[in-house]
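> Sequence:
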Amino acid sequence: MQTLFAVLKMLGCLGMFLYGMSLMSGGLQKLAGDSMRSFLAKMTSNRFKCVLTGIVVTALVQSSTATTLMLVSFVNAGLLGLANAIGVIMGANIGTTVTAWLFALSFDGSFSLGAIAIPMMFFAFLFLSFKGTKNHNIGEFLMGFALLFLGLSTLKETAYPLLSSDAVRVFLAPLTQFGVGSILLFMVIGAVMTLCLQSSAATMSLTMMFVAFGVIPFELAAAMVLGENIGTTITSNIAASVANASAKRTARSHMLFNVFGVVWVFCLFHPFLNLIGNIVESLGFMNPVTTSIYSQAQIDAAGAGAQAMIDHNSQMAGSLPYCVAVLHTLFNLINTCILIWFIPLLEKIVKWMVPSPKEGKEEFRLKYIAGGPMGTAELSINEARHELVHFGEICAQGFKYIRSAVNERNSDKYDEILDKLVKYEEITDKIELEIANYLGEVGKRDVSSSTSARIKMLYKIIGEMESLGDSGEAIGRMLKRTYAHGKSFDEDMLKKLNKMMDLVEKAYDVMVENLKSSEFDLKDISNAKTAEYNINEYRNYLREEHLVNLDNPDYRYQVGVFYMDIVGELEKIGDFIINISEALVDE
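Under my numbering, think of the first position of the sequence shown as 1033, with each following residue one higher.
Just to be clear, a hint being listed does not mean it is correct.
[What the hints assert, rightly or not] PhoX-like, lysine-lysine: derived pairs with alpha carbons at most 25 Å apart: (1) Lys-1519 - Lys-1531; (2) Lys-1538 - Lys-1548; (3) Lys-1476 - Lys-1163; (4) Lys-1548 - Lys-1488; (5) Lys-1531 - Lys-1512; (6) Lys-1445 - Lys-1531; (7) Lys-1476 - Lys-1488; (8) Lys-1163 - Lys-1488.
Hints are computed from structural coordinates only; laboratory data are not their basis.
Kindly generate the complete structure, drawing on both the sequences and the hints.
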């Protein structure tokens, strides 16, 4: 029962650490908001800035997994190029070592993480008490940081009685006797633990405790570190599995970077460990390759020399976490120094691994939000915004079939075009529903007032776009009714309908241009208003002309009615289009 309680306490501390990391990462991303996009744009102009950006961002969010998921989200939304994302990933792998160093410092009593965490909670509470979204996000960030530190601090204290027990040592002892097989086994253990915990930092902390408490030797701790670097890539690859090709390539590049490092370190395993041992020894710590922790049986049999062994073990326990931190840091530094010169080659490899979809293959599927919300609400809204641009382009593509249907005289081809108009209407219905469901999931999260306003704006826009698809199908029905009555438009009517469609097509171009605005700060929609004005003016001209022609005995009244019905529906399309640009400004 006591053992069960010890296990539950350790799991509770681990949960506090993971929740703190999640809270801190979410608070920082919400605090940064839209500025994170411009920050990435400015800081990724060359490969060295990319690496520096990855280091800084990951050191702040304390998770390379969180950074990689953000990158997958940014690349998925077209906010960051693949080559730049690869550079940021390299930096993220270096930045994630910060947590390992913090934990190592707490082991030898250099400073207490708990002593920092408690005062930080007070300041976090103050910010959470203040009004305003920004203060709340700062409070969330500080509270997450405090819980992360407190979780790390208490994890060490609660894990010691459990990991120091004879039962744990007896259980693990056979697993350490297989030589190279044990190295491979503990690499797998490290990868699986990282995948389960969704955090290489948490697994790294556990690895430090295992080796510091003498549960496993240093070489197997090194094997676990290698496995953790594989495990941390699995999460991002799972997240990208339902995203577009660019996001999949970003995740694959993360995997390639870490797998390359693991392969060369495994091939040079013992020489690399000797290098680590020499480095830490030069820093004043005990060499983990040439020195080991004495077992309890050795201490019991030592007699008068037992105290010296205990002091030795205590010194080793303080040194080993630093050794793991040095190993983790050197692994990522060397890997980055090698591969930073081969970013173009890595880009080519991942493009070969994830080829671009064939033309038309992804024409009518969601490109940016197919996998559901990723990252914070702010990042998810960016993806939805890019999906709206894609939706607008699909609507514009559908309008070309309206023009074809109006001008087509061949009955067989005409029926084929009408089927396409019906198909496009079904597509717009489906896309509207899927984007609406996505926005609904985003809205369930803790969102800021500005993000909430953007979600409402996006709802309005997708409704207008769905109406564009309905209008296309309506024009198809009007044409079908016209031909069913044995009527057709004369050359003059067709010429004027084509001019009307030219004006509508111009309005479509303006709509897509406004949707492609990189920020939520569109102020001037004079281009859209001009396009709408031209459509209305020409509609009024055609309507007046129709009324005048009614007095002409040669004028075909029924054809004129069908003709004006289509003109009216084209004008309605113009109304839906201007509503979209106005929604962007109203936000």
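> Does each hint hold? Answer for all of them.
Hints versus structure:
For a cut-off of 25 Å, the pair hint linking Lys-1519 to Lys-1531 stands: about 21 Å separates their Cα positions. With a C-alpha separation of about 16 Å, the suggested pairing of Lys-1538 with Lys-1548 holds against the 25 Å cut-off. Pair hint Lys-1476 plus Lys-1163 holds up; C-alpha atoms about 21 Å apart against a cutoff of 25 Å. Simply put, Lys-1548 and Lys-1488 have alpha-carbon atoms about 18 Å apart, close enough for the 25 Å limit, and the pair holds.
Pair hint Lys-1531 plus Lys-1512 holds up; C-alpha atoms about 21 Å apart against a cutoff of 25 Å. The suggested pairing of Lys-1445 with Lys-1531 holds, with an alpha-carbon distance near 23 Å, which does not exceed 25 Å. Restraint check for Lys-1476 and Lys-1488: the C-alpha separation of about 13 Å stays at or below 25 Å, so the hint holds. Taking the CA atoms of Lys-1163 and Lys-1488, the gap is near 23 Å; set against the 25 Å cutoff, the hint holds.
Checked against the numbered hints given earlier, the structure satisfies every one of them.
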